[in-house]
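So the protein lines, in turn, are chains G and C.
Just so you know, UniProt numbering puts the end of the first sequence at 338, numbered straight through with nothing missing.
Just so you know, UniProt numbering puts the end of the second sequence at 338, numbered straight through with nothing missing.
If you're looking for bench data, these hints aren't it; they were derived computationally from the structure.
All of these numbers come straight from a predicted model, not from anything done at the bench.
Only true hints are included.
Simulated restraints, written as ranges between beta carbons of each label pair:
hint: 1; chain 1: G; residue 1: Ala190; chain 2: C; residue 2: Ala34; range: 37 to 43 Å
hint: 2; chain 1: G; residue 1: Ala336; chain 2: C; residue 2: Ser262; range: 30 to 36 Å
hint: 3; chain 1: G; residue 1: Arg237; chain 2: C; residue 2: Ser151; range: 47 to 53 Å
All C-beta atoms in this analysis are idealised placements derived from N, C-alpha and C, irrespective of residue type, glycine included.
Protein chains: 2
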Amino acid sequence: MLAASTLADVARLAGVSTATVSRALNAPARVRQATRERVEAAVAALGYTPHFGGRALASNRTNTFGAIIPTMENAIFARGIQAMEEELSERGVTLLVATSHYDVAAEARKVRALLARGVDAIALIGHSRPAETLELLNARRVPHLLLWATSEAAGAPFVGFDNRAAARRMAELVLDHGHRRIAMLSGLTADNDRAAARVAGVREALDARGVALAAENLLEIPYDLDAAAAAAVALLRRAPRPGVVVCGNDVLAAGALIGAKSLGLRVPADVSVVGFDDIDLAVAVDPPLTTIRVPHRRMGRAAAQMLCAMVDGETVESRAIDVELMLRGSLGRAPAGS
Amino acid sequence: MLAASTLADVARLAGVSTATVSRALNAPARVRQATRERVEAAVAALGYTPHFGGRALASNRTNTFGAIIPTMENAIFARGIQAMEEELSERGVTLLVATSHYDVAAEARKVRALLARGVDAIALIGHSRPAETLELLNARRVPHLLLWATSEAAGAPFVGFDNRAAARRMAELVLDHGHRRIAMLSGLTADNDRAAARVAGVREALDARGVALAAENLLEIPYDLDAAAAAAVALLRRAPRPGVVVCGNDVLAAGALIGAKSLGLRVPADVSVVGFDDIDLAVAVDPPLTTIRVPHRRMGRAAAQMLCAMVDGETVESRAIDVELMLRGSLGRAPAGS
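Chain G on its own, in the form it takes in the complex (with noise of 0.2 Å):
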């Protein structure tokens, strides 16, 4: 069997890029005639299809791509879902977004849903689904990319960050401060590798160091600001009180804030809080968040252009995003007689 044609043969022989062969071939009207003449007599030439069976072909496209995401509330995804978005509008690509309230059968039947919808693309959270999951997006040759994940899955490329290692850096930062008694709010673990995977990394630092994380110290909670703030209530009021509270994301440190306060401790004198994800929360509450950045951004973006390029037939390279600490005055030095 002769090898098949690729996207970069096309481009070559029309004397174009290959991005615009792309949009020759799924937006034509945004591509000057002659320019569209000179790839369709190279498509014609080499016999090119593009890689996924058929379904890139420009008259099977839908230009619509999907995205599940666990929640919408409290913005964790919001800022990366609505710049993959805005790139994919000036693409004429639409978005149509599911949710999964974090629960991997109903991720799986959003899928389905998209899958009979049509849509050219899928992108997907993380990694905590069964393998049917992918296998099936395989079996169907839709393009698919995991967000907020740090490693492929069957085939998969993903765009994201180290949970872990983000977490690790939060908890040897914490630890500089000299903090030894120290609680943990983290999110719901069980199908959310995410929210595992700060844990890990906390627990990582504190190991490294021969600090503990007490058991009765580590709760797992929604991340809700009215659970967080009354869990945080319940780790304050504990002797000896804990001297930092280290939360899975800034919703939860938030409501960490809320609960300390209403114990009349003051931040960071009495105790410290940490957050993740720094979305508008973080600088909002006061004093503002010790916070991990996220690139919610860039990361939105980088994975509409790698699913772009896949609904075009090519590979692309996963993409590892860095993320920075933020130093703000919700953490302080220890206090004193921890």
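Please build the complex by placing chain C on the supplied structure of chain G, with the hints as guidance.
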């Protein structure tokens, strides 16, 4: 022409509820066989076809609804849409969400994209759009509903609350606290009837008491924390300094708090700030925001129920939902010299 038989006629003849008829037609596996057969016999006897020109026929259903919201960011729409999604999920319907970026042309494109994907029904936000958008939905006989709205348009029912009346109540509360030097941070009112109605409500209250809202004290900005902080700084540097910043939503109010604090002003001793929406942010900031509580979850669940009924060929009544004034620490008496 004979009057067409209705879902209620079928229910009466079959001796079951209209909900059971809907279920028998749309999710037959969820209905006992004997009941299903009674319903099918009644449908056949009456020659029943649902209202929406055959769209609602069980065989035509995709069990997929669409919603188009202005933005996913900053949680304004997230809670209501999430509640709608949950209610629809319980009924076996997948909600696909697209965003318009407060752009009526983009909204029209997303409507066409959702129609092309075969959705059974569509939810839209508010009233700002060209007539053609609803005309298209009517022509296609796709049931549709307006959320965050308070009047019907082109036959489309609504579920929402009166933004103008709510903003007027908030402004009256501010006046009752002795404030006369009033500034307002509004969202961009072009293509956003909710933002415009809130400004109108504030003006109404002030006019009724003979208090001026100076033109230079009303700024329109995007719903963005940083933009709001910068705008608040501009307002609060004016002489005489406004005693209160009335904000078009909680994101703007949270930004105004940041701006006030950056000038060394105490809230509410030196300046008061009030918001609108009562999203999580409202109680996460310090002091917590005096705001209007919008029952987002109730609105979202009602929208789901209404759209399902419409797809079943039923006539629904529009619903106005009450809002609530939440009096919290960010509003104080007017500072001396006001």
